[in-house]
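With chain A's structure known, arrange chain B on it following the hints.
The primary structure of each chain is shown beneath.
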Amino acid sequence: KAGVTQTPRYLIKTRGQQVTLSCSPISGHRSVSWYQQTPGQGLQFLFEYFSETQRNKGNFPGRFSGRQFSNSRSEMNVSTLELGDSALYLCASSATGQGGEKLFFGSGTQLSVL
Amino acid sequence: AQSVAQPEDQVNVAEGNPLTVKCTYSVSGNPYLFWYVQYPNRGLQFLLKYITGDNLVKGSYGFEAEFNKSQTSFHLKKPSALVSDSALYFCAVREWEKGTYKYIFGTGTRLKVLA
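So the protein sequences, as listed, match chains A and B. For the first sequence, counting from 1, position 104 maps to 104 in the working numbering; every step adds exactly one. Each number in the working numbering comes from the position in the second sequence (counting from 1) with 114 added on.
So that you can see chain A by itself, here it is in the shape it has in the complex:
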């Protein structure tokens, strides 16, 4: 079974631009969550989608948005990029996102904002 796939692997953008990141979950998984990883801050929860609906959202500004498609693939968008948005963005999938399920993570997209 293929793992969680994130594209692109690396991105370099300048301040003010916008960016879209993509995540393909493990086949059959319907829950996709996104995290921002920065040194010293660990993983910060961005949002979680299940069956095309956002179920939960972290404490990030409205510039961060996402969506999920009928095939469970998910995209994350960041508009009006700021230097502080430079981070590794990870997505994780699970079957339902409930109970004691473990999360399966992609390798991430490393975003650098110049």
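To be clear about the criterion: a stretch of chain B counts as covered by chain A if any three or more of its residues have a C-beta under 8 Å from a C-beta of chain A, and this derived list gives those stretches:
{"#": "1", "segment": "207-213"}
{"#": "2", "segment": "217-228"}
If you only want the chain A side, here are some residues facing chain B, beta carbon under 10 Å, derived:
{"#": "3", "residue": "Q6"}
{"#": "4", "residue": "G58"}
{"#": "5", "residue": "Q98"}
{"#": "6", "residue": "Q110"}
Computed footprint of chain B on chain A; a stretch qualifies when at least three of its residues, placed anywhere within it, have a C-beta under 8 Å from a C-beta of chain B:
{"#": "7", "segment": "33-42"}
{"#": "8", "segment": "45-55"}
No lab work stands behind these hints, which were simulated from the structure alone. No residue lacks a Cβ here, since even glycine has one placed at the ideal position from N, Cα and C.
For chain B alone, kept in the frame of chain A given last:
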């Protein structure tokens, strides 16, 4: 709100020695606790979880963790460290919020195993 704390940014241990990576938690109710490992340029990989039952949980790659309710701790352990165990380790807790679950991660502990 639930939270986890990893008090050590880095832990150094000699190969062959036992290792401990510390995690403390703050939750209401019974906690669901997890450990994940991140190797360079990779995403996180699940190691083990505690939901209920035996306080000593065994996981992947020879790791185990001990749940201690009185000390609100969930330390990760391994009897004999390998150089290949060098990685970034995250403790996490599951939280119920807004009618669904989300996972709160610690800030991570970098484990360095010295040959």
